[in-house]
Every structure is written in structure tokens, then in C-alpha cells.
Amino acid sequence: GAVVSQHPSRVICKSGTSVKIECRSLDFQATTMFWYRQFPKQSLMLMATSNEGSKATYEQGVEKDKFLINHASLTLSTLTVTSAHPEDSSFYICSAKGQGRPLHFGNGTRLTVT
Amino acid sequence: DQQVKQNSPSLSVQEGRISILNCDYTNSMFDYFLWYKKYPAEGPTFLISISSIKDKNEDGRFTVFLNKSAKHLSLHIVPSQPGDSAVYFCAASGGTSGTYKYIFGTGTRLKVLA
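Going down the list, the sequences are from chains W and F. The first sequence lines up with residues 1 to 114 when you count with our numbering. The second sequence lines up with residues 1 to 114 when you count with our numbering.
Worth double-checking, as some hints may not be accurate.
Stated by the list, open to error - List time: in silico PhoX-like cross-link candidates among lysine-lysine, alpha-carbon distance up to 25 Å:
#1 F:K5 to F:K38
#2 F:K5 to W:K97
#3 W:K20 to F:K38
#4 W:K41 to F:K54
#5 W:K14 to W:K66
#6 W:K64 to F:K56
#7 F:K111 to F:K101
#8 F:K68 to F:K111
#9 F:K38 to W:K55
#10 F:K5 to F:K101
#11 F:K101 to F:K68
#12 W:K41 to F:K101
#13 W:K66 to W:K41
#14 W:K20 to W:K66
#15 W:K97 to F:K111
#16 F:K101 to F:K38
#17 W:K97 to W:K64
#18 F:K111 to F:K37
#19 F:K111 to F:K5
#20 F:K54 to F:K37
#21 F:K68 to F:K56
#22 F:K5 to F:K56
#23 F:K37 to W:K97
#24 W:K14 to F:K54
#25 F:K5 to F:K71
#26 W:K55 to W:K14
#27 W:K55 to F:K101
#28 F:K38 to W:K41
#29 W:K41 to F:K56
#30 F:K71 to F:K38
#31 W:K20 to F:K101
#32 F:K101 to F:K56
#33 F:K101 to F:K71
#34 F:K54 to W:K97
#35 F:K68 to W:K66
#36 W:K97 to W:K20
#37 W:K66 to F:K101
#38 F:K56 to F:K38
#39 F:K111 to F:K54
Don't read these hints as lab results, they were simulated from the structure.
I would like the entire structure built from these sequences, with the hints used as guidance.
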């Protein structure tokens with residue numbers, strides 16, 4: 001149980017374009033989802049907390065206009081990287097809160113901006 | 001300010017022996033700790049957790065020890081198996097950081113040698 005699906009797993013886009021990443025909780029309802037970013041050999045850094053039906057809460061230093069988060073239903077949250085630049089290339093991971101405290105993570109999305 | 005630290009970036013252990021992964025934290029308000037295992041290009045997988053009211057939690061080959069006075073936790077894997085080779089992250093939550101806002105360490109790469 002508690003499966004989180006993230007799509008796409010890999011995406012390559014040109015600089016200036018936008019990319020949408022989807023995160024779905026497959027067998028449970030997630031009122032809260034979290035978006036993380038991981039640079040090579042570094043820790044998972046929380047970008048934002050996504051709450052169903054309300055605006056996302058962004059961590060300090062994360063541009064909300066660049067990383068658009070939508071949590072339209074109890075099973076789906078999306079992260080859109082707008083006007084992507086090479087420095088946005090990273091590994092993005094979503095997680096969802098189910099029952100209990102451990103978070104359940106998606107398999108991540110490797111974004112490469114050329 | 002790194003609130004959760006894993007000072008050993010890598011660890012090699014012989015198959016069948018014990019693996020000990022360490023994690024230190026600075027925020028005394030953290031009340032819940034977790035260990036996640038991560039393979040390359042995949043999302044983290046929850047392994048084991050411990051609440052601050054306990055000092056030990058065991059699940060099969062995995063045991064987590066918590067020393068609150070030292071603000072230190074460790075993950076013991078015994079016996080270690082080649083399939084345990086992965087990056088292990090400790091994470092902490094609670095206090096003013098929020099119940100589900102996890103702070104991750106930088107990870108320790110475990111290699112179990114056959």
C-alpha cells in the first residue's frame with residue numbers, strides 16, 4: 001500500500017520552455033504533498049508543501065513564480081518548472097502524507113535543461 | 001545551518017557483518033526520526049522510524065537507536081547483504097519545523113561487499 005507515482009521519470013527540455021511533473025497517490029488520499037529537490041551528492045531539500053485546495057507553502061529561497069504547484073485533488077499534485085534554465089536541472093521528488101508519519105515518495109524526475 | 005548531519009559520506013562492509021550508519025541532529029525539538037534507503041534515480045524508500053519517547057526500534061535486520069542526550073541516532077543492519085547497498089538518509093521532524101516537514105541528512109552510501 002501507500003504507492004506514490006511520479007511522472008515523467010526523465011525529461012529533457014530546452015532553455016526557456018516549461019515542464020510539468022505529476023505526482024499521484026495511487027491507493028490513498030493525500031491532503032498534503034511535498035516537493036523536494038536533490039542536487040548531486042547533496043541532501044533532499046524541501047521546496048514546498050502542497051495542500052489540496054489551497055495555495056502551496058514555499059520554503060525560503062524557492063521562487064513560487066518559477067515553480068508552480070497545483071494540488072487540484074486529493075490524489076494529484078503537479079509541479080511546473082516555468083521558463084526552465086540549465087541551473088534548474090536537478091532531481092525532483094514528490095512525497096505524500098498518508099496515514100501515519102512516514103512520508104511515501106515517488107521515484108523522482110530527472111530534469112535536464114539544455 | 002545543517003540541522004541533520006551524516007558525517008560519513010560512505011561506508012563499506014563485508015557481507016554478513018554489521019553495518020552501522022550514524023546521524024546527528026542539532027534541533028532538540030525534533031521528536032520523530034526516520035531512515036530512508038535510496039537507489040540511484042529512484043525515490044527514497046521508508047525503512048524504519050523512531051519516536052523520541054523510545055530509544056530503540058527494531059524491524060527484522062534493521063534496528064534504529066536514539067540517544068536524545070547526545071542528539072544522535074544510528075541505524076544497524078545485521079547481517080548486511082549485497083542488496084542493502086544504497087544511499088541511506090536519516091530525516092527528522094517535529095517541533096517548530098512541523099510534524100511532516102522532514103529535514104534530511106546528506107546521506108551515507110553503503111556498499112556491502114560479497
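A quick look at each hint next to the structure:
For the hint linking K5 (chain F) to K38 (chain F), the alpha-carbon distance of about 17 Å falls within 25 Å, and the restraint holds. Proximity of K5 (chain F) to K97 (chain W) is assessed by CA-CA distance (about 24 Å); at most 25 Å being required, the pair is judged to hold. With a C-alpha separation of about 24 Å, the suggested pair K20 (chain W) and K38 (chain F) falls inside the 25 Å cut-off, and the hint holds. Taken as a hint, the K41 (chain W) and K54 (chain F) pair is broken in the structure, with Cα atoms around 31 Å apart against an allowance of 25 Å.
With a C-alpha separation of about 16 Å, the suggested pair K14 (chain W) and K66 (chain W) falls inside the 25 Å cut-off, and the hint holds. The suggested pairing of K64 (chain W) with K56 (chain F) is violated, with an alpha-carbon distance near 40 Å, which exceeds 25 Å. With a CA separation close to 29 Å, the supplied pair K111 (chain F) and K101 (chain F) exceeds the 25 Å bound. Our distance criterion of 25 Å between C-alpha atoms is broken by K68 (chain F) and K111 (chain F), whose separation comes to about 28 Å.
Taken as a hint, the K38 (chain F) and K55 (chain W) pair is broken in the structure, with Cα atoms around 30 Å apart against an allowance of 25 Å. Distance restraint check for K5 (chain F) and K101 (chain F): the Cα-Cα separation of roughly 16 Å lies within the 25 Å cut-off, and the hinted pair is therefore satisfied. Between K101 (chain F) and K68 (chain F) the alpha-carbon distance is near 20 Å, which keeps this suggested pair within the 25 Å criterion. Simply put, K41 (chain W) and K101 (chain F) have alpha-carbon atoms about 21 Å apart, close enough for the 25 Å limit, and the pair holds.
Distance restraint check for K66 (chain W) and K41 (chain W): the Cα-Cα separation of roughly 24 Å lies within the 25 Å cut-off, and the hinted pair is therefore satisfied. At most 25 Å may separate the alpha-carbon atoms for a hinted pair to count; K20 (chain W) and K66 (chain W) meet this at roughly 12 Å. As the CA atoms of K97 (chain W) and K111 (chain F) are separated by approximately 30 Å, the hinted pair breaks the 25 Å bound. At roughly 19 Å between alpha-carbon atoms, K101 (chain F) and K38 (chain F) fall within 25 Å of each other, so this suggested pair holds.
Taken as a hint, the K97 (chain W) and K64 (chain W) pair is honoured in the structure, with Cα atoms around 22 Å apart against an allowance of 25 Å. Our distance criterion of 25 Å between C-alpha atoms is met by K111 (chain F) and K37 (chain F), whose separation comes to about 12 Å. Proposed proximity of K111 (chain F) and K5 (chain F) is supported: the alpha carbons are some 20 Å apart, at most 25 Å. Between K54 (chain F) and K37 (chain F) the alpha-carbon distance is near 22 Å, which keeps this suggested pair within the 25 Å criterion.
Taking the CA atoms of K68 (chain F) and K56 (chain F), the gap is near 11 Å; set against the 25 Å cutoff, the hint holds. Taken as a hint, the K5 (chain F) and K56 (chain F) pair is honoured in the structure, with Cα atoms around 20 Å apart against an allowance of 25 Å. Distance hint between K37 (chain F) and K97 (chain W) is fulfilled; the C-alpha atoms sit about 18 Å from each other, no more than 25 Å. Using a Cα cut-off of 25 Å, the hinted pair K14 (chain W) and K54 (chain F) is violated, with the two alpha carbons roughly 50 Å apart.
With a C-alpha separation of about 11 Å, the suggested pairing of K5 (chain F) with K71 (chain F) holds against the 25 Å cut-off. At most 25 Å may separate the alpha-carbon atoms for a hinted pair to count; K55 (chain W) and K14 (chain W) exceed this at roughly 28 Å. Pair hint K55 (chain W) plus K101 (chain F) holds up; C-alpha atoms about 17 Å apart against a cutoff of 25 Å. With a C-alpha separation of about 12 Å, the suggested pairing of K38 (chain F) with K41 (chain W) holds against the 25 Å cut-off.
For the given pair, K41 (chain W) sits about 29 Å from K56 (chain F) by alpha-carbon distance, which is inconsistent with the 25 Å threshold. A C-alpha spacing of about 24 Å is found between K71 (chain F) and K38 (chain F), which places the hinted pair at or below 25 Å, so the restraint holds. Restraint check for K20 (chain W) and K101 (chain F): the C-alpha separation of about 23 Å stays at or below 25 Å, so the hint holds. At roughly 23 Å between alpha-carbon atoms, K101 (chain F) and K56 (chain F) fall within 25 Å of each other, so this suggested pair holds.
In summary, the hint linking K101 (chain F) to K71 (chain F) is supported, as the alpha carbons are separated by about 19 Å, within the 25 Å threshold. Using a Cα cut-off of 25 Å, the hinted pair K54 (chain F) and K97 (chain W) holds, with the two alpha carbons roughly 23 Å apart. Using a Cα cut-off of 25 Å, the hinted pair K68 (chain F) and K66 (chain W) is violated, with the two alpha carbons roughly 39 Å apart. In summary, the hint linking K97 (chain W) to K20 (chain W) is supported, as the alpha carbons are separated by about 21 Å, within the 25 Å threshold.
Annotation: proposed proximity of K66 (chain W) to K101 (chain F) holds, straight-line Cα distance about 22 Å (limit 25 Å). Using a Cα cut-off of 25 Å, the hinted pair K56 (chain F) and K38 (chain F) holds, with the two alpha carbons roughly 23 Å apart. The suggested pairing of K111 (chain F) with K54 (chain F) is violated, with an alpha-carbon distance near 29 Å, which exceeds 25 Å.
Checked against the numbered hints given earlier, the structure breaks hints 4, 6, 7, 8, 9, 15, 24, 26, 29, 35, 39 and satisfies all the rest.
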